[in-house]
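Got chain A sorted already, so can you dock chain B onto it with the hints?
Respectively, the protein sequence lines represent chains A and B.
Going by UniProt numbering, the first sequence opens with residue 1, and the numbers climb by one from there.
Going by UniProt numbering, the second sequence opens with residue 1, and the numbers climb by one from there.
Careful, some of the hints might be misleading.
[What the hints assert, rightly or not] Within a straight-line C-alpha distance of at most 30 angstroms, the following computed BS3-like cross-link-like pairs (lysine-lysine) qualify: (1) K63/B x K194/A; (2) K63/A x K92/B; (3) K149/B x K4/A.
To be clear, the hints were calculated from the coordinates, so they are not data collected in a lab.
Number of protein chains: 2
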Amino acid sequence: MALKVYADRMSQPSRAVILFCKVNGIDFEEILVDIFKNEQFSPEYKAINPMHQVPAIVDGRFKLSESHAILIYICCAFPGVASHWYPGDLIKRAKIHSVLDWHHANLRRGSAGLVFNTLLAQLDGHHSYPQVVNQAEGILLKSLSMLEKFWLKDGRFLVGGSQPSIADISLVCEIMQLELLSEKERDRILGPFKKVVQWIEDTKIATAPHFDEVHGVLFNAQKRFRERMKTKPELKAKL
Amino acid sequence: MALKVYADRMSQPSRAVILFCKVNGIDFEEILVDIFKNEQFSPEYKAINPMHQVPAIVDGRFKLSESHAILIYICCAFPGVASHWYPGDLIKRAKIHSVLDWHHANLRRGSAGLVFNTLLAQLDGHHSYPQVVNQAEGILLKSLSMLEKFWLKDGRFLVGGSQPSIADISLVCEIMQLELLSEKERDRILGPFKKVVQWIEDTKIATAPHFDEVHGVLFNAQKRFRERMKTKPELKAKL
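One chain only, chain A, in its complex shape (with noise of 0.2 angstroms):
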């Protein structure tokens, strides 16, 4: 029985392991979960995971959540998958734990809070306060500044890497997010981290042409947001 992956491809680290699994060649079955349908609260899915979140894996009798972990799973349980994703080497592999830890309370914290207090709570006419958006904004500037200077000092991909690991799925997949900002909104926060902008291309191309088709999802969600949001005249400034 092939692998099942529960997954809503709006949802940042569902991209990450779809893409994944698709680069790599795993047998696998995608089951949508759809969150703007609050599907991960069906009583269906909390069987699967009682947390309620995207992704979530099945593989035979084991339930698996959280992206990293399922990730990790992944490339041991899967003999095929090229050890660059996930080395045994001791520190290589310590580094790659590093990152993937960071990555939850800095540069998830700041990408997710601004996307989501910018405009997908605007757009569902929640009321969006000001200091949470500055200091998901602050936070994400950090993580980039860390992401430039630190992690990506080494080599192309993070933690000193010739090839990429599932580092650098996970968080490419979390800055795509910012793609449902305005083109102008997102040059300016990225625009100056040029080490950045270069690893998202070398992400892109390594795991092509995977990525784009992952990210389909994501590009028309961007168009459909834009037109709403010239329909809200609150929100046009942000175009």
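Just chain B now, with coordinates in the frame of chain A:
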């Protein structure tokens, strides 16, 4: 040369690493980076960890930050560590990764957010927003509920363990930060979660006598904070 652990026992991930080393008889040197004196921002410490956070380790020429990555590294690099702390079995290990990843955006965010915004920020004269406090408490209560109903459902320790893993050390050290709140507040928050309370006790017993020794700084800080709060009328109600 012994492993160097840069830490401040007031930080919950610092305590997790120190406690783990002591319980496993690792030969290590503890170097205080006093976070209340902002020593994590010194040029000397920047050379150890540019992220300005504790803990970090130096093992020979290898530097590593992020407590979960450090705990995994020590399990793999030091032959004397018993296998229950980080089992080689693929599925057991995957579950440990999963709960450690979950910790970041859930238990840690709730617990650290609540303690900081109800106590530390106010003692330092920072303004604390009720929405922020309520949000942190909500995340904490939801996290404790998930621990009770899901992560502790299959055994005395997390993810079905009959002996503790690095995840038990990490998450219990996090919850211990609630000691900084008043006994009344702590009991109100933890009281309804009987399995969680028993698991904290079981982890204390499994790591005795080091557990109390490593948390001594926290217990002393609690007494000092109580004294300072008595001088602030607006905080007296929280004693």
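- Given hint K4/A paired with K149/B - CA-CA distance at most 30 angstroms: Given that 30 angstroms is the threshold and the Cα spacing comes to 24 angstroms, the pair holds.
- Query: Within a Cα-Cα threshold of 30 angstroms, do K63/A and K92/B meet the stated pairing?
  - Reply: Between K63/A and K92/B the Cα gap is close to 12 angstroms, so the pair holds against 30 angstroms.
- Does K63/B pair with K194/A here, judged by a C-alpha cut-off of 30 angstroms? Between K63/B and K194/A the Cα gap is close to 26 angstroms, so the pair holds against 30 angstroms.
Taken one by one, the earlier hints all hold for this structure without exception.
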